[in-house]
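**Student:** In case you want the letters, here they are:
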Amino acid sequence: MAQEDDQGMAVLEVTGREAADPVAAIEWCYRQGWTDGLPVIPPTDERVGAFLTEIKRNRDEVLGGVPERRRFVTVEQVAANAVMAGCLPEYAPVVVAAVEAILQPVFNLVGPSASLGGSGILLVVHGPVVEQLQINCRNNLFGPGNRANATIGRALRLVLMNTCAAIPGLFDRSCLGHPGKYSYCIGENAQDSPWVPLHVERGCAAGTSAVTVFACEGPRQVRNSVSQTPEGVLTTIADVMSSLGTSLVTSGSVAETTTGTRQGEIAVVIAGEHMQTIAQHGWSKRDVRRYLAEQARRTVADIKRGGGLRGEVEPGDEQTTIPIVAHPDDIFIIAAGGNEGAMSAVIPSWGPKVSSTAVTWPVTL
Amino acid sequence: MSTDNVQKLVLIAPVNEAQTEHSTYAPRPTGLHGKRVGLLDNSKGNAGHFLDMVAAILHEQYGFSNIIRHQKPSASKPVAPAVIEEWQKVCDLAIVGVGD
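So the protein sequences, as listed, match chains A and B.
In terms of our numbering, the first sequence opens at residue 1 and continues consecutively.
In terms of our numbering, the second sequence opens at residue 1001 and continues consecutively.
To be clear, the hints were calculated from the coordinates, so they are not data collected in a lab.
Incorrect hints may appear among the rest.
[What the hints assert, rightly or not] Okay, the calculated bits of chain B under chain A, using three or more residues with CB under 8 Å as the criterion: (1) 1010–1024; (2) 1043–1053; (3) 1073–1084.
None of the values given here were measured: they were computed from a predicted structure.
Note that CB positions come from ideal geometry on N, CA and C, so glycine has one too.
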């Protein structure tokens, strides 16, 4: 039974076998409905206290909320979920920044955390904190094997489930979901990148740390180990960006229908060899975005045949094209991934920009 | 962890509760004749069609004095506070149309 102690903390006292046996304590957490299906570290007052020390903010401070669900998230709840996820206390400022970011009104958390579309929330970490916390930004970028990525991303998901009511089967109505809904955290590789980091492009000062949150589908790998020019590599990426069946190459659920399809955002993660090929020819990120924005388009006929637009194919539809994004700035270029291998990844947004836009938020250390 | 000296585990709740204390139902209308009604389209594909039919029924059968329509920019976006504020002044009741 929850109660408040003399310091205002919502505490639960567990006695008996669960207090003596660590595995029994984990099973007790399962029974409370606190987990994502994997075991959690029980959020003891001592462990949560260590996180609160790192956060340096009042534990009762409300970071934001999901007003449509009448849910409001405190620093203490974020700390408890970070403990459960397996985070180290020094990860806490990144987790807090990510939670503040997803609770910004333009992110519209109520949408991507509920939709049939099955959004995950990609968390990209930028700046010196990537190296300080050893957040992986290279090989096996989206895969397992690194504590910071695995647990920081997981903490964000636990916060969603435990404090934002994004519970599968309740408010989370995903048709398919994707593995990134367990954990979806990467670092941006500023060290090996020739380009301006994404958070600096989006308004943060150079040398600072930040996070970007993005409601999106899973990553689709793009392989091109032959082309030695930016145009060659980016033609392949543009083709994947314009695949039929993504959230962007479809229509509906928006009032503005001028362009035909919904116009969202898209992340392009460019790994080592592709990054070198593009940069060796002197292309900036802006050049990359402009090229991709121009190339990533489909004909109206294709989109109709693929079910992204209603109606029969009509004269002119084979010649009329629709761009995947409305503006080059809707493409986020992220330098990350292994230095060996000619791979990149394309990650379409969950929905149109009018439903949710990515948020970049500073990390306060 | 020793079983002898650990008797109690003190945990911090990682969960919250919905804060519903400020949520109340609006008074129910006592009749429909002459009322002003707002029809809110959520932008799903068939919401507009559904509300067209609702509007026709309301007009023919219940004698509403005025019907106001609004379409949200996106199905997943909450209705704008300015619209709610305006409808409080110009509508006696509202109907939300959801269609997919």
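**Student:** A separate judgement is required for each hint: does it hold in the structure or not?
**Tutor:** Hints, one by one, checked against the model:
no., hint, in the structure
1, 1010–1024, "holds (count 11)"
2, 1043–1053, "holds (count 3)"
3, 1073–1084, "holds (count 6)"
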